[in-house]
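K.L.:
With full-length UniProt numbering as the guide, the letters of the sequence shown map in order to residues 1 to 255.
Since the hints were made in silico from the structure, they are not lab data. Careful: at least some of the hints might be erroneous.
What the hints assert, rightly or not - Straight line, CA to CA, 25 Å or less: simulated PhoX-like cross-link-like pairs of lysine-lysine:
id, residue 1, residue 2
1, K235, K219
2, K250, K219
3, K80, K94
4, K75, K64
5, K250, K102
6, K63, K75
Given the structure is predicted, the values throughout are model-derived calculations rather than measurements.
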Amino acid sequence: MAAEHRLLPFLVAANSVNYGRLSKLTCAEALVLFVHIVKMVKPKREKAATGRDVVKLKKQKEKKQEMLDSLNAQKRFFQKEFDKKFGELQAAIKELQTAIQKLQEDFNQKIQGVQMEIDRVTAIPDKQILLDAEEEKHDNSSDSHYSDEDDTAKIVPPLIDRDNVELNPRLPVGRTLTLFCDANGEPVPVLKWFVNGTLVEDSVSNNYQFNVVFGDGAKFIQVPNVTLEDKGVYKCVATNTAGADELIYKVDIFR
Numbered sequence: 001m002a003a004e005h006r007l008l009p010f011l012v013a014a015n016s017v018n019y020g021r022l023s024k025l026t027c028a029e030a031l032v033l034f035v036h037i038v039k040m041v042k043p044k045r046e047k048a049a050t051g052r053d054v055v056k057l058k059k060q061k062e063k064k065q066e067m068l069d070s071l072n073a074q075k076r077f078f079q080k081e082f083d084k085k086f087g088e089l090q091a092a093i094k095e096l097q098t099a100i101q102k103l104q105e106d107f108n109q110k111i112q113g114v115q116m117e118i119d120r121v122t123a124i125p126d127k128q129i130l131l132d133a134e135e136e137k138h139d140n141s142s143d144s145h146y147s148d149e150d151d152t153a154k155i156v157p158p159l160i161d162r163d164n165v166e167l168n169p170r171l172p173v174g175r176t177l178t179l180f181c182d183a184n185g186e187p188v189p190v191l192k193w194f195v196n197g198t199l200v201e202d203s204v205s206n207n208y209q210f211n212v213v214f215g216d217g218a219k220f221i222q223v224p225n226v227t228l229e230d231k232g233v234y235k236c237v238a239t240n241t242a243g244a245d246e247l248i249y250k251v252d253i254f255r
């Protein structure tokens, strides 16, 4: 009877139970009824995975892994190609920048050369440069023409030779500095030298403040046993009646 009372809560939960028969149930019948009720209220267990299901899941996993590996391989390939193209682009940009810089430097040098020629050539009033032709003279009373070689004149402005000239010499203390200034022109140009803006003369003849020795009519100068005080700007100026030309050296002295 005690067992029947313990089963009573489960028996009440079932709608199909006849409460009038509870007192007549045996222990075996009560147990069967209890199992029946438990099956009614207990959720069904998921069906255990079979070997075929495991194989299927494994294949799906392997397929997903293959797709992932393929995507990673494509990513690495495209990244490698991108790095290669990007490197080539950077190299091309660098070469272009170098070429532009060189063109700019060449252009600036040409501009400086043109400016120097403009500064060198001066206007000569009432004269003709390189006049070497027969001059026609007209008489008021006739149309006679004659030529006179004595009237032919050559006037050539100075031009300093710049071939193989080092404009930025650099030498140590104690050496001898030699600077050249070979100028041509008609009439023969007069040469003058300036050191840092000051006109210098041959120190041998007049003991000038600069230790400068002139040679071959000032076509070159020498500064023996140079010191740090001898560095600076050395300028040669060639002049005649047709114009002027100048050559500038920037001298550096070091210990």
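K.L.:
Hint compliance check: list the failing hint numbers for this structure, sorted ascending.
P.N.:
Of the numbered hints, all hold.
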